[in-house]
Amino acid sequence: MKKNYEETIGELKEIVRKIEEGEAGLEETMKLYERGTLLVKTCEKSLEEAELKITELQSS
Amino acid sequence: MQSTLRFDTAPAGDVMQVCSVSEVTGFVKKTIEGAGASGVWVEGEITNFKHHSSGHFYFSLSEAKGNKTFTLRCKMWRSSAREVPFEPENGMKVLAFGTFSFYEPFGEFSLTISDLRPAGKGEKHLLVLQWKETLEREGLFFPSRKKQIPSFPRRIGVVTSPTGAARRDIEQVIARRFPVEIVLSPAPVQGDGAHTGIVAALQKLDGAVDVIILGRGGGSFEDLFEFNHPDLVRAVAACKTPVITAVGHETDTTLVDFAADLRAPTPSAAAELVVPDREELILDLRRQHQMMRRGLSRRLDDELGLLEDIRLRLQPRRLLRRMSDEHVSLADISERLKRAVQTGIERRRLALEKAAAELQAQNPALPLEQGFAMIRRDGVVVTSQRVLAKSDHIQITFADGSVDAIVTGEDTDEEKL
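Going down the list, the sequences are from chains A and B. Counting from 1, one number per residue, gives the positions in the first sequence under the numbering used here. Counting from 1, one number per residue, gives the positions in the second sequence under the numbering used here.
Counterexamples of contact, computed for chain B against chain A with all Cβ distances above 10 Å:
hint: 1; residue: M16
hint: 2; residue: T31
hint: 3; residue: K65
hint: 4; residue: F70
hint: 5; residue: G91
hint: 6; residue: K121
hint: 7; residue: V128
hint: 8; residue: R321
hint: 9; residue: T343
hint: 10; residue: A399
Using 27 Å as the maximum straight-line C-alpha spacing, the simulated DSSO-like pairs for lysine-lysine come out as follows:
hint: 11; chain 1: B; residue 1: K121; chain 2: B; residue 2: K50
hint: 12; chain 1: B; residue 1: K146; chain 2: B; residue 2: K204
hint: 13; chain 1: A; residue 1: K53; chain 2: B; residue 2: K240
hint: 14; chain 1: B; residue 1: K50; chain 2: B; residue 2: K124
hint: 15; chain 1: A; residue 1: K13; chain 2: B; residue 2: K147
hint: 16; chain 1: A; residue 1: K41; chain 2: A; residue 2: K53
hint: 17; chain 1: A; residue 1: K31; chain 2: A; residue 2: K13
hint: 18; chain 1: B; residue 1: K124; chain 2: B; residue 2: K65
hint: 19; chain 1: B; residue 1: K147; chain 2: A; residue 2: K53
hint: 20; chain 1: A; residue 1: K53; chain 2: B; residue 2: K204
hint: 21; chain 1: B; residue 1: K121; chain 2: B; residue 2: K93
hint: 22; chain 1: B; residue 1: K132; chain 2: B; residue 2: K93
Quick look at which bits of chain B chain A covers, simulated, 3 or more residues with Cβ under 8 Å:
hint: 23; region: 145 to 158
hint: 24; region: 180 to 193
hint: 25; region: 279 to 285
hint: 26; region: 299 to 310
None of these hints come from the bench; they were simulated from the model. All C-beta atoms, glycine included, are put in the ideal place defined by N, C-alpha and C.
My request is simple: use the sequences and hints to build the entire structure.
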């Protein structure tokens, strides 16, 4: 999983909130939407790319 | 002289061999201490326990057998006593490891103890209670110490037995819910001294992963006992990385659970808690996307509505209405004017027609055109036959002209008409 998934999802939720509450101007709303769509894709990609990897340390 | 001292034979004949006290005590000391030099584990009950202000422990180990009591004097020097993870009490069954000592000034035999452990289940339970109090006093269980477990860990450290079921359960759940990197730091999870291996395994992971699961499968109180050890509890509390404990089953509680940042009932549950469910996350992302799309589309609708409203308000409706009013009144006026003019004309035309008719009616030529004729005598219109006589000259006027005529008869009414 890529770095900052938590932050990315946090940013996305903030964008959704701003769009839903209509607190930004129309142009900004459209920019937010573009950014949000990008974040959704990034998150989906990192979720889909997650793989199991198991390493075992040497016991002392 | 000491080398010749013999106890296994009686003094020979009249030759009496006399030893000094120190010779004897020296011999005893050497013999006893030599025999017990490698140390021995002794199990017994603590009696006459004294924790001296110097830090040393003084006590006896006792055993009652039949109607006899057996006792061994014991001492434990401060350097060893402070390593004992509990406070010994009279009546406690213990396992003590010690070497033999003989103290010549008192002629006293004792054990010098270097390791002291509770023996028996009851003692171990008591011990756990003691440890719990101590650790609580150290503040290791304060809720304010608990660290936040990351929501999206990328590397998960696992401290457990490499061959145990706990490992398999954790790996399976993580693989199913959200496959991430797992770093296994193998450790023994039961047996005397296992806690030191667990502490070492924990310390290897601390700071190198996002979160640590410390766990093992279910077992008896004895099996899980090492997870109560103060050294391990302190090590868990000291970890910079958040630690989730999952020791045994739901009903088992060990002291590490109190120091952990999160306690899971089982290793599988710890794995469930440590990673989110990927399917749910994907669904949530889609929901967010949907909400965003709906929000934007609603916003666009709102803006369009607003624009339409403004466009409507921009039209000079009031002016138009006024102009249209003016148009109406103008048309009205013009209509009325037209009507008035027409009425006037009509009236005049009618009057004219009437006058013309009247005029026509008074035209003397009118009857003439219908076949009547006008008769005059000497220029005077004759209106009665009585004024005419035979042979009178008269003038008959028709519509298209006049002729002169002579009256030839009298009173021929029928003929004349």
